[in-house]
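J.: Just need the whole structure built from these sequences, with the hints factored in.
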Amino acid sequence: MIDIKLIREKPEFVMENLKKRGGDPEILNEILEIDEKRRQLLTQLNQLRAKRNELSKLVAKLKAQKSEDVQKVLEESKDVSNEIKELESDLKKIEESLNLKLLYIPNILDDSVPVGEDDSKNVEVKRWGEPRKFDFDPRAHWDFAEKDWLDFERASKLSGSRFVVLKNKIARLERALINFMLDLHTKEHGYIEIAPPHLVRRETITWTGQLPKFEEELYNTQPDDLFLIPTAEVPLVALHANEILNESDLPIKYVAYTPCYRREAGSYGKDVRGMIRQHQFDKVELVKFTKPEDSFEELEKLLSDAEEVLKRLGLPYRVVSLCSGDIGFGAAKTYDIEVWLPSYNTYREISSCSNVTDFQARRGNIRYRRKDNKLEYVHTLNGSGLAVGRTLIAIIENYQQKDGTVVIPEALRPYMNGLEVLD
RNA sequence: GGAGAGGUGGCCGAGUGGCCGAAGGCGCUUGCCUGCUAAGCAAGUGUGGGUUUUUGCCCACCGUGGGUUCAAAUCCCACCCUCUCCGCCA
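For the first sequence, the residue numbers in the numbering used here are 1 to 423.
These aren't lab readings, by the way, just hints derived from the structure by calculation.
The structure displayed is predicted, hence computed values, not measured ones.
In this text, a Cβ means the ideal position worked out from N, Cα and C, and glycines have one as well.
Careful: at least some of the hints might be erroneous.
As the list claims (entries may be wrong) - List of simulated lysine to aspartate or glutamate pairs, EDC-like, C-alpha gap at most 20 Å:
| no. | residue 1 | residue 2 |
| --- | --- | --- |
| 1 | K37 | E83 |
| 2 | K169 | E188 |
| 3 | K187 | D249 |
| 4 | K101 | E36 |
| 5 | K5 | E36 |
| 6 | K63 | E76 |
| 7 | K78 | E95 |
| 8 | K57 | E76 |
| 9 | K169 | D143 |
Said to hold, decoys possible - Derived CB-CB ranges, DEER-like:
| no. | residue 1 | residue 2 | range |
| --- | --- | --- | --- |
| 10 | L74 | E36 | 34 to 42 Å |
| 11 | K101 | Q222 | 56 to 64 Å |
| 12 | K101 | N365 | 15 to 23 Å |
| 13 | K19 | D294 | 28 to 36 Å |
| 14 | E216 | E153 | 41 to 49 Å |
| 15 | D271 | R8 | 41 to 49 Å |
| 16 | R49 | K19 | 54 to 62 Å |
| 17 | A195 | S120 | 37 to 45 Å |
T.: The structure is reproduced here in structure tokens:
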């Protein structure tokens with residue numbers, strides 16, 4: 001949620017921002033119109049309420065004096081009260097419609113975000129590592145299904161398309177990856193490990209921005225109206241909703257491993273082969289709460305914490321800064337980390353690191369008290385560190401050998417009981 | 001699922017119709033005091049909104065939404081949430 005005052009005071013700025021994202025700026029005019037109406041009504045209402053308060057005091061006073069004028073004042077006050085009731089009901093409707101519209105406005109972009117319509121305008125920031133040259137035809141990860149590692153057929157028997165069953169040593173490698181990532185971020189990067197709920201309330205997921213706009217992307221459970229989390233970002237950010245944090249506690253850094261559940265509505269036909277795009281995937285997520293003045297610096301650190309995972313695994317990657325048309329709804333700035341995948345002969349997203357500034361803090365009312373006792377919204381940041389399923393794919397594809405076996409990256413061997421090769 | 005208790009400011013907690021935006025305590029800020037720290041003393045300290053050039057003025061907020069009343073933290077109704085005990089259960 002962005003500040004209504006910003007829309008009121010700099011409408012052309014907010015409009016420009018919306019255009020850069022490819023949104024329709026007309027909604028802003030609607031908001032301004034409703035806001036104007038709201039303030040008029042509020043002024044009128046406040047005057048009436050002031051009058052009622054005054055008359056009520058007068059009643060108390062006259063009653064104490066046993067004055068005969070009481071009856072007249074009571075009647076007048078009753079009239080005022082009725083008028084107030086009507087205006088209050090009008091105001092409520094107006095505020096509901098205003099709030100709903102505000103929930104659909106995306107965050108303000110940082111100046112450094114490249115302007116462009118789609119992912120072709122994303123800007124590469126850096127590269128690390130060299131894509132390996134194969135002296136044989138490398139297999140795509142789904143070709144390893146025949147080794148009885150990945151079972152797509154049985155998965156679809158159980159759950160439909162976009163699910164996979166991991167078997168044997170690959171299942172174990174997945175578990176090793178999770179532990180490796182959690183250990184790295186907790187022991188070396190200073191994150192606190194959290195094991196959050198995977199089902200959350202409608203309210204919770206509104207705080208973080210996935211609702212109301214992206215409901216069709218989420219799995220909803222009935223009859224309790226709980227949502228399966230699409231990312232651990234949701235419960236991690238919501239941990240401090242409606243709280244006032246201490247300045248001295250910031251930045252707060254959390255890491256959590258969870259499965260993520262996404263309906264992937266609107267991505268029909270995309271990445272149908274293999275396990276690149278699944279309805280359920282494992283992810284280790286990083287979340288930070290920071291002071292506003294620190295958030296962009298913390299984004300760079302968050303990015304580097306995520307990059308470190310790929311460096312230790314020896315997987316070549318590049319970092320791109322997402323352009324205005326490709327960046328997410330709540331983000332002010334986003335870096336994607338893309339890992340080299342031989343099967344696609346290109347880099348594919350494996351992590352997304354964003355500074356959400358005060359967008360979620362406003363929605364979830366997450367503030368902190370400065371030394372001068374003033375309250376201020378924190379900034380929230382999130383990033384994958386990393387998407388585990390895609391990391392698994394990257395390892396299989398990048399570390400495969402001619403005989404169909406896969407070398408285990410050294411950093412993972414302690415988590416695999418010293419095993420060096422998957423066969 | 002059954003029975004009960006409860007949701008008040010950053011925290012704890014008092015408050016059953018007007019004198020309550022709310023006692024008291026803790027915490028925090030500032031000043032004094034003190035070799036240092038701690039303690040002590042004094043003052044200050046809720047949030048949000050509208051309006052205003054400023055000082056200010058006004059309004060709302062005691063889980064949420066309705067209702068009763070001239071007037072609601074306080075009375076009534078519904079809902080949400082938390083806790084305790086019992087049952088069931090990994």
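J.: Any of the earlier hints contradicted here, and which numbers?
T.: Of the numbered hints given earlier, those the structure breaks are 2, 7, 11, 14, 16, listed in rising order.
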